[in-house]
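Chains as they are written, first to last, in our numbering: chain A, 1 to 339; chain B, 1 to 339; chain C, 1 to 339; chain D, 1 to 339.
Take the hints with a grain of salt, since some may be wrong.
It does not matter which identical chain is meant; a pair holds if it fits inside one copy or across any two.
Under the rule of at most 20 Å between Cα atoms (straight-line distance), these lysine to aspartate or glutamate pairs were calculated in the EDC-like manner [as the list claims (entries may be wrong)]:
| # | residue 1 | residue 2 |
| --- | --- | --- |
| 1 | Lys196 | Glu173 |
| 2 | Lys67 | Asp245 |
| 3 | Lys196 | Glu170 |
| 4 | Lys6 | Glu61 |
| 5 | Lys27 | Glu12 |
Quick caveat, the hints were computed from the structure, so don't treat them as lab data.
Protein chains: 4
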Amino acid sequence: MLVMMKANATREEIDAVCRRIESMGYKPHPIPGSTRTAIGITGNREPVEPVALESLPGVGECVPVSKPYKLVGRELKEDTTVIDLGDGVAIGGRQLAVIAGPCAVESREQARLTAARVAAAGARLFRGGAYKPRTSPYSFQGLAREGLEILAEVREEFGLKIVTEAIDAESVEEVERYADVIQIGARNMQNFSLLKRAGRARRPVLLKRGNAATLDELLMAAEYILSEGNYRVILCERGIRTFADHTRNTLDLSVVPAVQQLSHLPIIVDPSHGTGRREKVIAMSRAAVAAGADGLIVEVHHHPEQALSDGNQSLDPAEFEQLLREIGQIAPVLGRSMA
Amino acid sequence: MLVMMKANATREEIDAVCRRIESMGYKPHPIPGSTRTAIGITGNREPVEPVALESLPGVGECVPVSKPYKLVGRELKEDTTVIDLGDGVAIGGRQLAVIAGPCAVESREQARLTAARVAAAGARLFRGGAYKPRTSPYSFQGLAREGLEILAEVREEFGLKIVTEAIDAESVEEVERYADVIQIGARNMQNFSLLKRAGRARRPVLLKRGNAATLDELLMAAEYILSEGNYRVILCERGIRTFADHTRNTLDLSVVPAVQQLSHLPIIVDPSHGTGRREKVIAMSRAAVAAGADGLIVEVHHHPEQALSDGNQSLDPAEFEQLLREIGQIAPVLGRSMA
Amino acid sequence: MLVMMKANATREEIDAVCRRIESMGYKPHPIPGSTRTAIGITGNREPVEPVALESLPGVGECVPVSKPYKLVGRELKEDTTVIDLGDGVAIGGRQLAVIAGPCAVESREQARLTAARVAAAGARLFRGGAYKPRTSPYSFQGLAREGLEILAEVREEFGLKIVTEAIDAESVEEVERYADVIQIGARNMQNFSLLKRAGRARRPVLLKRGNAATLDELLMAAEYILSEGNYRVILCERGIRTFADHTRNTLDLSVVPAVQQLSHLPIIVDPSHGTGRREKVIAMSRAAVAAGADGLIVEVHHHPEQALSDGNQSLDPAEFEQLLREIGQIAPVLGRSMA
Amino acid sequence: MLVMMKANATREEIDAVCRRIESMGYKPHPIPGSTRTAIGITGNREPVEPVALESLPGVGECVPVSKPYKLVGRELKEDTTVIDLGDGVAIGGRQLAVIAGPCAVESREQARLTAARVAAAGARLFRGGAYKPRTSPYSFQGLAREGLEILAEVREEFGLKIVTEAIDAESVEEVERYADVIQIGARNMQNFSLLKRAGRARRPVLLKRGNAATLDELLMAAEYILSEGNYRVILCERGIRTFADHTRNTLDLSVVPAVQQLSHLPIIVDPSHGTGRREKVIAMSRAAVAAGADGLIVEVHHHPEQALSDGNQSLDPAEFEQLLREIGQIAPVLGRSMA
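One chain only, chain A, in its complex shape (with noise of 0.2 Å):
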């Protein structure tokens, strides 16, 4: 159940509210949005007997939740989330935010070189795996916290914000003290322990699609990080599984203005798993724009020949420099700008 509290409802009011719910031996999750603040209620198995709380001061309305989300949901929170992460770079706002980068950090100097064309050409984040989950373990596995070392020199040369993947509670540990957002991939969607954990940690999560998960589990996978107090979650299609054999995976752009119309989540989109073919990224890139997504995110190598992995779907600095003009004359359409 939503709690609406009223447009004037104050602090005080509000904490009553939550108060109240906890002695009911639920938990509230108190969400604020433009006009006024909503107040979800999580951990009961039956539904919540609205009585006991329309009657607490500033309590607007209490309204029933039949989806299976409730903290995700749009009903919670009109307005789109925009998360914030520092010196004018947010996700989900009306800039583009678009997270450049290799898809393995392999050592300081491919980091650097990859890192100093993304931020020329205008990129404010970065992104690149210090933990690689990958189908084989004799493939390279990633650098690990040498990998995130790496990265946060890169935050300290370059400015850019750095995004990058989590595999387990342990290296969940390790990102949240280097990277500004923690990545889920897409085969730990449903990883629910690692959702729980990254629900408890300090930084904003993208949670990546699941190649094939249907929106509802995409939006339930959230719900598992919001349930847990943090409430920063950014979506991220990236293609899903089909018979289809000219890309690596479809990308599923529709997926965009569905989960704009179900969710106050903000979602962006990886072209580059979402096609694994380099000469259709910019194409894709393009049209995601337009679908109305919040951003891409998009693997650049500096020399994409000699990437130790998806070199085939990775842009070069030029791809990726035209790429950027490309979606940022499509942006104004949609009534969003470049950063």
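Knowing the structure of chain A, use the given hints to seat chains B, C and D on it.
Showing chains B, C and D alone in chain A's frame:
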């Protein structure tokens, strides 16, 4: 095999090569390009020996073809095929082609009311089914010839080009008499008898991708049409069947750049069947144009709530005007314009 | 709506109900069951008013139908339909029906060699394509009427019932003259013109599930045939298209019990197209019979390595004998036997 | 690379080869076969030079490996791995292994009531979840350690071997203390941290195929476990995600012969999750055994209507007895028997 003529080859030299190919027992398909003519060879079971052709006057080189398709391939013809429908209306050229109208022609009044609105909004092509392939034998199956006559009247009154579906040999006969473009629906993409008949039709063919067709299968279906002599084929992405349930189909926009890489045929997108959800049609139309599509085919009904079929994916006229306005703003980024 | 006659209703009473339905402007479909006759009503747009029928002599009750199909439903007819082909050969009865033979009829010699072997092994039904739907216009398209004549000779010589595919109205004409069962292939499952023509044919129809068809769509395709008056339809599972790549298609055996729950039509399984891999055909044949299928359609070639099509999924005669032996051992568990 | 030892190689010769491999910086994996021992080599980035090994005493030949997996491949080990759980219970041997029990352990009483029935019916292995991965954070998540303690009591009382799921490093710790087999669920098939931890566990691992996993991905996931030293892995097919909607998942039985061709690991089938429909479980169990599966894992609840999870796919005890009876009749066709 492809015979690439020299840039300055004469009409006579091209004819002589074609006659030689025929004398070898094969079928020549001369396709003029912007700089030079290519001649495709079909009818051969084994690879064609190039020796007999390479020495003829005007022949540049003989290129073996590894792909299963020949006539639809960009190897054969470098420039995108532009299908000129007269009166300044073309598909595949610089101008985006937007085909709009109801799912089915239901009555003279319904067709005229919708046509008046889409023409006023700026569309030049009108769609509407007279023969409707329906999952149930008990659903409305279309007005057949009466529907075609209504479409012909709409053409006269509003100056719109007509696109309508044929479902078997008999209806091709009728449709080519009344319409400007013969549509072959997704369910018939591998109805090879119908494809062959359409290959002998005197109208261009709009070929929709089957909901479980790979790109190669789509191109081979088009090859059936071209191999019978009708080179004016427009491809259409209309969504594939996947596990995803937030849309009726999953619109696979990545097929747009993929087709443009492999084939010279134009490709348009159907965001109505591609999503099945009215509220996602405009977003996906923007995305399709941004991905590089040559046009759209969109369901518009003057009163969607009353439509006999597909009402829940049809735009009303005001929404269609918004769609045209928004794609008109994106088109220039791709070097294109609206009609 | 279904009109369920009383168990002791007379022929005259049934006829009288049918005439009344016709006088209401609808089409009656009387279907005799083991205990009583049901009469399906089609042609109605709105629900039929039961009042006019319930009071007629011999009428038990009038049952509204919620499913989109009527004539194929088990509600209409409790007993599984047995399709009797004469000479003790039937599909849907206690005996398993095994249809075996080459993908395509390639020559008189090839057909006779294979037929001799499958007949000797114990098969009573022979398959072989005279009209071949092929992905490429340049692939072998079948021997057409010459192939049908060869099949007719095989029937005479070996006493085998003939199953062969029709691909359009013209070929139905031919096939019903020469064959015992008209096959409609997976690609044509929603070729509604063909389905209607097959509904007026004088032979039973083997209807293959499309590679992306839901169960409801399969049943509705069969409904097209029954609604034209041909009640002798055999369904066939032949694999669906999925991401899985260890087989050509994914054989969906769960459709066997699902069909048996919803429909009275018999269902057989095609493990050859269903796997596309010779070495998996026997295992999946055993599984199909164990799941409850009424029979199999299997590709057998006297020399698979030389087949013009689908050689890599064809059994050789020795493997086919092993298949028959093994399913013959499983059949009794299901209360069935081999012919 | 694989080092195939001679049939008469001694223990000392095998050890010497292993030491040489270690001295080259790689990791040796000696796997005894019925006639001779194979030694897999992992840890190498480039192909291993065979020269240094071929000349050692007892070495037969050095075989380069092209498949991405090594330790799970049948090339390495010709005989199917039999996982002996003691007390005459094994998976992969001549006897079919049937694991039965409720989706989740809900209470001591529920576990005991169901265990009594499945033991009486003849099952030797009991399943029941103590840690439940659930799509919603608000669904019942299992009794955790309390559930494990109940399972341990069931083992004592009824002599059943226990199979239960672990979902992260902590729960592996617990599960390996209480259970006989550690299950890794479909959603965690590519949770590589968990796979590595399971590879260091002292219990066999039941690894379920992800709902969108290819066969190669399943085998590579198993390879993660083996590469850490735990060679006792059982694979499990439990249905894949497709467009088909008559079952919850599409059970892909063709993976059974496919695994048996490529790998020496045993494979069982889960018809409960594989169909999600109680009324199809028995038919698909028969089919799985007929396809050659080494066993089944089936949900049974003493009172399915009251189950806290998955009640609509659980058999009641009488249905489970019927299942055992029917697969017991099919088993001999495959040269197998029930316990």
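**Report entry** Status of Glu61 relative to Lys6 across identical chains (alpha carbons, at most 20 Å)
**Finding:** within (8 Å within a copy, 58 Å between copies)
Requested in this report: Could you figure out if Lys196 and Glu170 sit no more than 20 Å apart (CA to CA) within one copy, between two copies, both or neither?
Outcome: Both: 13 Å inside a chain and 14 Å across chains, each within 20 Å.
Query raised in the report: For Lys196 vs Glu173, is the C-alpha pair at or below 20 Å within one copy, between two copies, both, or neither?
Result: both (13 Å within a copy, 19 Å between copies)
Query raised in the report: When no copy is specified for Lys67 and Asp245, does a C-alpha distance of 20 Å or less occur within a copy, between copies, both, or neither?
Result: The answer is between: 15 Å across copies meets 20 Å, while 34 Å in one copy does not.
Query raised in the report: Using 20 Å as the alpha-carbon threshold, which applies to Lys27 and Glu12: within, between, both, or neither?
Result: Result: close within a single copy only, 18 Å intra versus 64 Å inter.
Checked against the numbered hints above, the structure breaks none of them.
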